[in-house]
Amino acid sequence: KNEVEQSPQNLTAQEGEFITINCSYSVGISALHWLQQHPGGGIVSLFMLSSGKKKHGRLIATINIQEKHSSLHITASHPRDSAVYICAVRSGQGAQKLVFGQGTRLTINP
Amino acid sequence: EAQVTQNPRYLITVTGKKLTVTCSQNMNHEYMSWYRQDPGLGLRQIYYSMNVEVTDKGDVPEGYKVSRKEKRNFPLILESPSPNQTSLYFCASSLKGLAADTQYFGPGTRLTVL
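These protein sequence lines map, in sequence, to chains A and B. Using our numbering, the first residue of the first sequence is number 1, and each one after it goes up by one. Using our numbering, the first residue of the second sequence is number 1, and each one after it goes up by one.
Please note: incorrect hints may appear among the correct ones.
What the hints assert, rightly or not - Within a straight-line C-alpha distance of at most 27 Å, the following computed DSS-like cross-link-like pairs (lysine-lysine) qualify:
id, chain 1, residue 1, chain 2, residue 2
1, A, 97, B, 57
2, A, 54, A, 68
3, B, 57, A, 68
4, A, 54, B, 96
5, A, 97, B, 96
Said to hold, decoys possible - Some residues of chain A that are not near chain B, with every Cβ distance over 10 Å (derived):
id, residue
6, 67
7, 82
8, 88
What the hints assert, rightly or not - Restraint-style ranges between C-beta atoms, simulated for each label pair:
id, chain 1, residue 1, chain 2, residue 2, range
9, B, 39, A, 82, 16 to 24 Å
10, A, 13, B, 40, 22 to 30 Å
11, B, 1, A, 58, 22 to 30 Å
12, A, 26, B, 18, 34 to 42 Å
13, A, 57, B, 18, 43 to 51 Å
14, B, 83, A, 17, 36 to 44 Å
15, A, 38, B, 61, 21 to 29 Å
16, A, 76, B, 57, 38 to 46 Å
17, B, 71, A, 69, 35 to 43 Å
18, B, 1, A, 57, 16 to 24 Å
19, A, 13, B, 57, 34 to 42 Å
20, A, 66, B, 84, 36 to 44 Å
21, B, 114, A, 3, 31 to 39 Å
22, B, 67, A, 28, 27 to 35 Å
Hints were generated in silico from the structure; no laboratory data involved. Built from N, CA and C at the ideal position, the CB exists for glycine as well.
Start from the sequences and build out the full structure, keeping to the hints where you can.
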């Protein structure tokens, strides 16, 4: 079993739909990162969370430390949101290693 | 412009021929890291560095070397590349470390070892 599991692996939706991508992890963590990888391959860091909720534009990320679960939400989805979304956790106090989920491929159709 | 640069962007080489992939950042970041990305395996960390002369292994360090002689540069060295090191490589940096802030990623280097 992977330390970081994402679901779904693939998601196709229509423009305007509300999107949720889930990330569950099995290790104790200090922080969780959400990344976005565009079709061209470039990776952008979206959020870094250690508790609660963060919002940036139409993107919202939440984390529940007790349940070891995080979600990334996209409101009013748009075709330009089509990308692979990757969850990564930093585990262990003082550790600077990142363990990644397999990614969720999101396709938003016009 | 604040950025992380990698060179080369694409490289085809042969087994056993030593190569270096350079990584440079212009943001005065202390933390730098190398990752590889493979289909079905996702991203995995190779090495990271908390500051000059401070490096440590990630999850898949075998077959790789790194050095951090200057704050801005963090080259990845493959002394004797093998076909299983064919992959997409990313360098990343952040100001202080993974718990403090976000990472900035380079554009990636696609390496093929024949």
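To see whether the hints hold, each was checked on the structure:
1. Distance check on the hinted pair: residue 97 (chain A) and residue 57 (chain B) sit about 9 Å apart at the alpha-carbon level, within 27 Å; holds.
2. Of the supplied pair hints, the one linking residue 54 (chain A) and residue 68 (chain A) holds, its CA atoms being roughly 17 Å apart against a limit of 27 Å.
3. Proximity of residue 57 (chain B) to residue 68 (chain A) is assessed by CA-CA distance (about 26 Å); at most 27 Å being required, the pair is judged to hold.
4. In summary, the hint linking residue 54 (chain A) to residue 96 (chain B) is supported, as the alpha carbons are separated by about 20 Å, within the 27 Å threshold.
5. Proposed proximity of residue 97 (chain A) and residue 96 (chain B) is supported: the alpha carbons are some 13 Å apart, at most 27 Å.
6. Here residue 67 (chain A) stays apart from chain B, with its beta-carbon at least about 20 Å from theirs, past the 10 Å limit.
7. With a least beta-carbon separation of about 18 Å from chain B, residue 82 (chain A) lies farther than 10 Å from that chain, consistent with its non-interface assignment.
8. Remark: the non-interface label on residue 88 (chain A) conflicts with the geometry, its nearest Cβ contact in chain B lying 7 Å away (cut-off 10 Å).
9. Between residue 39 (chain B) and residue 82 (chain A) the beta carbon distance is about 19 Å. The supplied range of 16 to 24 Å therefore holds.
10. For residue 13 (chain A) paired with residue 40 (chain B), a C-beta distance near 24 Å keeps the hint of 22 to 30 Å intact.
11. Evaluation of the 22 to 30 Å hint for residue 1 (chain B) and residue 58 (chain A) yields a pass: the beta carbon distance comes to about 25 Å.
12. At roughly 38 Å, the beta-carbon separation of residue 26 (chain A) and residue 18 (chain B) lies within the given 34 to 42 Å, and the hint holds.
13. At about 45 Å, the beta-carbon gap between residue 57 (chain A) and residue 18 (chain B) stays in the expected band of 43 to 51 Å.
14. Against the hinted window of 36 to 44 Å, the Cβ-Cβ separation of residue 83 (chain B) and residue 17 (chain A) comes to about 42 Å, which satisfies the hint.
15. In this structure, residue 38 (chain A) and residue 61 (chain B) meet the distance hint of 21 to 29 Å, their C-beta atoms being roughly 28 Å apart.
16. At about 43 Å, the beta-carbon gap between residue 76 (chain A) and residue 57 (chain B) stays in the expected band of 38 to 46 Å.
17. In this structure the supplied range 35 to 43 Å holds for residue 71 (chain B) paired with residue 69 (chain A), their Cβ-Cβ distance being about 37 Å.
18. Take residue 1 (chain B) and residue 57 (chain A): their Cβ atoms lie about 22 Å apart, and the range 16 to 24 Å holds.
19. Distance hint for residue 13 (chain A) and residue 57 (chain B): a CB-CB separation of about 40 Å, consistent with the stated range 34 to 42 Å.
20. A hinted range of 36 to 44 Å holds for the C-beta pair residue 66 (chain A) and residue 84 (chain B), which are about 40 Å apart.
21. The beta-carbon spacing between residue 114 (chain B) and residue 3 (chain A), approximately 33 Å, falls within the hinted interval of 31 to 39 Å.
22. A hinted range of 27 to 35 Å for the beta carbons of residue 67 (chain B) and residue 28 (chain A) is consistent with their spacing of about 32 Å.
The structure fails to meet hint 8 from the earlier list, while all remaining hints are met.
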